[in-house]
Amino acid sequence: MPNTSPIPSSDTRRAVAAVRAVRARRPRTRTLGVCAHCHEPVAFDDQYVRLHRRAWHLQCALDVAEPRAVRTV
Numbered sequence: 001m002p003n004t005s006p007i008p009s010s011d012t013r014r015a016v017a018a019v020r021a022v023r024a025r026r027p028r029t030r031t032l033g034v035c036a037h038c039h040e041p042v043a044f045d046d047q048y049v050r051l052h053r054r055a056w057h058l059q060c061a062l063d064v065a066e067p068r069a070v071r072t073v
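Numbering (the working numbering), first residue to last: 1 to 73.
To be clear, the hints were calculated from the coordinates, so they are not data collected in a lab.
Glycine is no exception: its CB is placed at the ideal position from the N, C-alpha and C atoms.
Simulated DEER-style distance windows between Cβ atoms:
#, residue 1, residue 2, range
1, Ala15, His52, 34 to 42 Å
2, Arg14, His52, 39 to 47 Å
3, Glu40, Ala65, 14 to 22 Å
4, Gln47, Thr12, 35 to 43 Å
5, Arg50, Arg13, 36 to 44 Å
6, Asp63, Ala17, 34 to 42 Å
7, Ala65, Ala43, 19 to 27 Å
Go ahead and model the full structure; you've got the sequences and the hints to work with.
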């Protein structure tokens, strides 16, 4: 019968503590979610657009609308 004890092992407690420590050190920036194109976080201070109720980086939206190879400057 497997060990189904609700008490986590010391390895589990150490892993959870390590994850919480990393998250605590990470700078807290408010995000609008992830970009619908590149799936990177979209922050409030980024240049972004809303398309179909989803946030896109402005550059991602331009790349999809007109790829860089064809875009004229």
